[in-house]
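*Asks:* The residues making up each chain are set out below.
There are 2 protein chains.
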Amino acid sequence: MARTTGSHSDITGPRVRAAALSLFAQHGFAAVSMRQIAKDVGVQAGALYNYTPDKQSLLFDLMQTHMQELLEARAEAFEEGSAMARLEAFTRFHIRFHSQRPEEVFIAYMELRNLTPENFARIEGLRRRYEDELEAILQAGVGEGLFAVSDTKIATLAVIAMLTGVNTWYREGGRLSLDEVERIYWDMVRKSVSA
Amino acid sequence: MARTTGSHSDITGPRVRAAALSLFAQHGFAAVSMRQIAKDVGVQAGALYNYTPDKQSLLFDLMQTHMQELLEARAEAFEEGSAMARLEAFTRFHIRFHSQRPEEVFIAYMELRNLTPENFARIEGLRRRYEDELEAILQAGVGEGLFAVSDTKIATLAVIAMLTGVNTWYREGGRLSLDEVERIYWDMVRKSVSA
DNA sequence: GTCTATATGAAGATAGAC
DNA sequence: GTCTATCTTCATATAGAC
Numbered sequence: 000m001a002r003t004t005g006s007h008s009d010i011t012g013p014r015v016r017a018a019a020l021s022l023f024a025q026h027g028f029a030a031v032s033m034r035q036i037a038k039d040v041g042v043q044a045g046a047l048y049n050y051t052p053d054k055q056s057l058l059f060d061l062m063q064t065h066m067q068e069l070l071e072a073r074a075e076a077f078e079e080g081s082a083m084a085r086l087e088a089f090t091r092f093h094i095r096f097h098s099q100r101p102e103e104v105f106i107a108y109m110e111l112r113n114l115t116p117e118n119f120a121r122i123e124g125l126r127r128r129y130e131d132e133l134e135a136i137l138q139a140g141v142g143e144g145l146f147a148v149s150d151t152k153i154a155t156l157a158v159i160a161m162l163t164g165v166n167t168w169y170r171e172g173g174r175l176s177l178d179e180v181e182r183i184y185w186d187m188v189r190k191s192v193s194a
Numbered sequence: 000m001a002r003t004t005g006s007h008s009d010i011t012g013p014r015v016r017a018a019a020l021s022l023f024a025q026h027g028f029a030a031v032s033m034r035q036i037a038k039d040v041g042v043q044a045g046a047l048y049n050y051t052p053d054k055q056s057l058l059f060d061l062m063q064t065h066m067q068e069l070l071e072a073r074a075e076a077f078e079e080g081s082a083m084a085r086l087e088a089f090t091r092f093h094i095r096f097h098s099q100r101p102e103e104v105f106i107a108y109m110e111l112r113n114l115t116p117e118n119f120a121r122i123e124g125l126r127r128r129y130e131d132e133l134e135a136i137l138q139a140g141v142g143e144g145l146f147a148v149s150d151t152k153i154a155t156l157a158v159i160a161m162l163t164g165v166n167t168w169y170r171e172g173g174r175l176s177l178d179e180v181e182r183i184y185w186d187m188v189r190k191s192v193s194a
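Protein chains in written order, with numbering that gives the first Met the number 0: chain A, 0 to 194; chain B, 0 to 194.
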């Protein structure tokens with residue numbers, strides 16, 4: 000302990016990202032100024048540049064971190080078993096993970112066009128890896144004769160779109176518990192691909 | 000015929016909306032300047048204010064027109080019959096209509112947060128009317144014993160999310176024809192709600 | 001690490017001439 | 001109806017003091 004002014008690198012950095020996350024989600028990347036972020040953090044705008052080289056990097060960091068956390072959490076939740084069991088695990092994991100991070104999810108989808116081409120390609124690569132995990136499950140299920148899906152790539156995108164849609168309406172403390180939501184969507188997903 | 004300068008109200012107006020539509024869809028409302036729109040149209044920025052009181056009204060007009068066209072087209076495509084037949088008609092209509100208007104659809108979803116609260120409420124009201132049409136079909140199907148859906152409101156949102164997701168990947172001239180896309184999604188929708 | 005001050009540019013919108 | 005010119009505000013980003 001010592002300095003009471005300056006030297007807040009370890010806490011200011013995360014606070015900058017948290018403020019940017021919240022503001023980008025609420026107003027959109029292009030509509031948020033560095034001054035607004037600084038005000039939320041409680042510093043002057045110039046100080047932000049100790050934590051990010053520019054606004055674009057701030058956005059990319061948020062999206063990349065989100066996608067990496069998604070892939071890591073998915074790897075941890077991985078389950079052995081039949082394609083049916085794995086599909087249920089994927090469905091429930093997707094809903095739970097995404098419902099807990101509405102701001103990150105919103106940004107990762109809405110702000111893709113504000114990434115530079117290089118950054119866009121990197122985020123899309125991570126997203127593609129996630130989609131491939133679901134497609135592998137569907138392919139396995141077709142092989143096992145459990146699923147009837149004529150195009151596993153399209154079915155993958157259809158299922159993910161349906162599940163991610165939960166975020167447009169689900170709010171904690173609402174009419175349905177997360178368990179109930181998971182059950183309803185799993186019921187629909189299971190039927191939609193079943194033989 | 001007469002004046003070669005001035006007096007282009009009837010063609011410049013639509014051109015302003017067309018340019019705004021395309022630019023908003025590509026870069027986002029907040030990232031597009033009135034000067035960019037004017038440049039696309041081929042006039043100076045000040046001239047735009049003959050066609051819209053401000054940038055916000057331009058966005059709202061585009062979104063309101065889109066939602067009204069959606070509801071009108073849906074009313075025209077309305078079909079009698081069993082809940083199953085009506086659900087198929089809705090599914091195919093939704094995919095066809097939305098795939099033909101990717102820019103309008105994108106804006107209507109992505110730029111909701113850039114509307115004033117009053118304008119937001121009006122757009123949401125129109126969207127709600129569209130959702131209610133699907134929910135009525137699902138409720139009828141449950142009544143007929145054709146569908147097994149525990150929560151028609153959630154199922155409505157799930158189906159619409161899945162169908163609208165087509166726009167994230169479908170491109171005319173791609174691997175699949177629109178007919179094939181309709182068939183694949185109808186197969187999944189049908190199964191997902193069936194008893 | 002943060003501040004103040006500033007360079008540089010662009011934004012939305014309006015005024016008034018033609 | 002469109003132009004040029006402008007008002008006013010705000011943007012990102014940097015420089016240099018503390």
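Careful: at least some of the hints might be erroneous.
Note that the list lumps identical chains together, so a pair holds whenever it fits in one copy or between two copies.
What the hints assert, rightly or not - Below, simulated SDA-like cross-link-like pairs (lysine to any residue); rule was C-alpha separation at most 25 Å, straight line: (1) Lys190 with Thr115; (2) Lys190 with Ser149; (3) Lys54 with Ala44; (4) Lys54 with Phe92; (5) Lys38 with Thr167; (6) Lys152 with Glu171.
Hints in this document: simulated from the structure, not taken from any laboratory.
*Asks:* My question is about lysine 190 and threonine 115: at a cut-off of 25 Å on alpha-carbon distance, are they close within one copy, between copies, both, or neither?
*Replies:* Answer is neither; intra-copy 40 Å and inter-copy 40 Å both fail.
*Asks:* Since the copies are identical, ignore which copy is meant and state whether lysine 54 and phenylalanine 92 lie within 25 Å (CA to CA) inside a copy, between copies, both or neither.
*Replies:* Neither: 32 Å inside a chain and 41 Å across chains, both beyond 25 Å.
*Asks:* Under a CA distance limit of 25 Å, which applies to lysine 38 and threonine 167: within one copy, between copies, both, or neither?
*Replies:* neither (28 Å within a copy, 36 Å between copies)
*Asks:* Up to 25 Å between alpha-carbons, please classify lysine 54 paired with alanine 44: within, between, both or neither.
*Replies:* Within one copy only: 11 Å inside, 27 Å across.
*Asks:* Between the shortest in-copy and the shortest cross-copy C-alpha distance, which are at most 25 Å for lysine 152 and glutamate 171: within, between, both, or neither?
*Replies:* The answer is between: 17 Å across copies meets 25 Å, while 32 Å in one copy does not.
*Asks:* Have a look at lysine 190 and serine 149 and pick one of within, between, both or neither, based on CA distance no larger than 25 Å.
*Replies:* Answer is both: 14 Å inside a copy and 13 Å across each meet the 25 Å cutoff.
This entry does not satisfy hints 1, 4, 5, going by the numbered hints stated previously.
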